[in-house]
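Protein chains in written order, with UniProt numbering: chain A, 1 to 317; chain B, 1 to 332; chain C, 1 to 310.
Worth flagging that the hints you see were computed from the coordinates, not collected in a lab.
By construction, the Cβ of each residue, glycine as well, lies at the ideal position given by its N, Cα and C atoms.
Do not rely on the hints blindly, as some may be mistaken.
[As the list claims (entries may be wrong)] Here are some of the chain A residues that sit facing chain C, going by a computed Cβ distance under 7 Å: (1) 156; (2) 161; (3) 251; (4) 255; (5) 298; (6) 301.
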Amino acid sequence: MAVRKLQETNHSPDIPESWFSPLEKNEGDAEVVSRPSLSYWQDAWHRLMGNKLAMIGLVFLAVLSIMAVIGPMLSPYDVTKQNLLNQNMPPSSAHWFGTDELGRDVFSRTWYGARISLFVGIAAALIDFFIGVVYGGVAGYKGGRTDHAMMRVIEVLYGLPYLLVVILISVVMGPSLATIILALSVTGWIGMARIVRGQVLQLKNYEFVLASKTFGTKTRRIIRKNLLPNTMGPIIVQMTLTVPSAIFAEAFLSFLGLGIQPPFASWGSMASDALPVILSGHWWRLFFPAFFISLTMFSFNVLGDGLQDALDPKLRR
Amino acid sequence: MGKILEVQNLHVSFKTFGGNVQAVRGVSVDLYKGETLAIVGESGCGKSVTFQSVMRLIPEPPGSIDSGSIFYKNKDLSKLSDKQMRKIRGKDISMIFQDPMTALNPTLTVGDQITEGLIEHNSMSKRAACKLAVNMLELVGIPDPDTRLNQYPHQFSGGMRQRIVIAMALVCQPEILIADEPTTALDVTIQAQILELFKEVQEKTGVSIILITHDLGVVAQAADRIAVMYAGKIVETGGRRDIFYSPQHPYTKGLLHSVPRLDLDDQELVPIHGTPPDLFSPPLGCPFAARCNEAMEVCTKIYPYRTQLSDGHHVECWLQDERAKQLQSGRV
Amino acid sequence: MLPYILKRIGWMLATLWVIITLTFFLMHSIPGSPFNEERATSEAVQKNLEEYYHLDEPLFIQYVMYLKSVVTFDFGPSIKKSSQSVNEMLGRGFPVSFELGMATLVLAVVSGLLLGVAAALRHNGLIDYIAMTVAVIGISVPNFVLATFLIQQMSVNLGILPVATWASPRHMILPVAALATGPMAIIARLTRSSMLEVLTQDYIRTAKAKGLSPFKIVFKHALKNALLPVVTIVGSLAAAILTGTFVIEKIFAIPGMGKYFVESINQRDYPVIMGTTVFYSLVLIIMLFLVDIAYGLLDPRIKLHQKGER
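Use the sequences and the hints to build the structure in full.
Below, the structure is given as structure tokens:
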């Protein structure tokens, strides 16, 4: 308020004379960098922590993973153990998630299914990662004709209907877990290869890579400080989003009878088996596998979204 | 010549999660009919925000015009409703932006984009609008305007696109054209052509131009009057000769010394050290005090009042105060 | 435009050829050839098979002959049902599946776009949160789960909609809803993010500076640009919907192609599997092609950049 008043009176006679002597210059005090500098990964982690939905997803995934490991052990019933006296029992203290038409414990089977789903999802993501990084990396690094030819192959493969190929391979090889993972990998790596190639192509020409080289920075340091943060972001995001699509594909195949074969269970096959009895009111048969598959997909999806935001170097503030 | 636009004590701030950024802190500036007024300052000084506020184009929220007024034809633009403001935008006051590569919609033809303003404001038929658009393209120097009208932006070079943007801004014959860094994204040779075009257009249409720029070369070439902006305030205003030949504010002097000049033989380039203040919590006194070589204690405490040096030459600096002058002359 | 279309057609044919070749050799690599005696149910079927597949010829000749018959749209006989050819099954099943698929695609695209645009325009508002919650759930819940849930709620508990089959428009509601939710969610999310990005573009600010109305800015200037990334994924969504029809037709007992396909898988009726696979691929490739053309029509820049990869 006082300041404004002074301005208005225009001549401000009540300013002490001494204020008109020149200031002693204090070098450098004008610029204080107030912000602590964070490494790329610290910064990304902080931003991920700030994303509530992604954190919820992460917590769910942690719980699901733990339960996938210990869940079947918590129950006294074996996954495949039939008990024809206890058919289609609703959830109770003996059978927490009820039983199916052969008297098998749905709780045990649900967590067994969690193992299958998580295993399939992670295995598919890892295989996609390795093939994609090698293929895309070679294409991007070599460039020129090699790149051109390799990209043509991808273009043709891209036109292949993903699940149809998976079905075909499962039909030919006979249903098994290995078949599913193989089938998922046949076309799954394409997306990853495209991303890696794009990244490598871009990075090859980035000025900061060139700049680091001219400063005589060691190659390993260039890779760790410059290439990794810029390349790994999209790759990690792609991997996180591959997992739910692989889990969905496994459930889909099992639902069609091409996945996990009885007496073993996966979420997809449990949902498929529950279909005929849903009309007779045995809701728990569908609810538990359906709920957990949805929860898993949800968790991976929101985590993937969160990572996408957190790892984008352009969004760094 | 009369005033056509009067900005008085304008305050604009933006809410961010770091706090309130006071981007414009009491800007007063007038625009006269038919003149070119240049607003000069380094990036982040609030020069773009000021005139985006005049156009009411700052996103609200997070931005908001906190106080002050913007008079155009006896109307305070800061008080108009969105709908009333829409009738002024493009018709009475036009604005063009820095990068012609992104200022045009890539999926619409150039003709469509030039004529839509006419159709909106003058409820003109498509055909009549096209005719005017062709004339406009001719005016801004685009050859073969009839065919060019049906082409898409990607079929034009950067300089050509800026001409189209100018045609688009002028097609409704506005009284004021606000050009926000119109030449920054262009090659030097094209820059000169575009500045030439502004002069030509001004002669033909009598439009008043506000030229926002950080480039003193552009200013010297195109401006009649100059306002120097620093940290959300206008620190010095004057005619082109005032600013270039007798700059008074240390910041204006600093700006001029940091630009190479061909007419001085062994001139040393003097950069302005330091960075502008953080506008989250702007300093109480003169914002330039921390970087100023002639700063006094008073500069850090109280913002200086406006001193009139001659007709149309104003400066806001404590060095103009009698007491400062006495002390300095006494010491030397 | 024309060279671009011709080039795309070339790639379509190449992809189709890869698929036919792949299916053919995959099927013939199954241990104990699926086309052998013990698989066939009767003499008549066996005779049909031999005739169609030229089983007495060397493999390569068989392959050429198969290519030839596929090109003339003849997919051969079924193993299990002597009286039926694959063509007849496709003829009966395809119209139903096409109806289901198209209704789903239209619903997904229209509702997804509306939801996405509404969310973007009310960014961080209530509509945005509701739309994105719906979208996250839509992406997370597999269609077969949703289908069964819908049957249980709407048909069994409430009894307001028929449980299954494909008899009237009322029968279409549940399967189409179950199938469309996932793609709708994906479109809504993509539309929202792309719309939000477009709204920050300079040309939108230019349009505002011209004094255009918000309606014109959104629907004339923003939407067309925001649609571009959405269009590119419609192709893969069509693929997802198509494979989705397998389970949806199974769940709702809809007599479409998908149901025959699933049956043929369970019965290991290889000629039917081969025939339907090739046919499905053809449908999908045509979809991808149409999407490409749509993209070209939407984005004027594409004509110049026909060499560029997508």
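Taking the earlier hints as the rules, which of them does this structure contradict? Violated: none.
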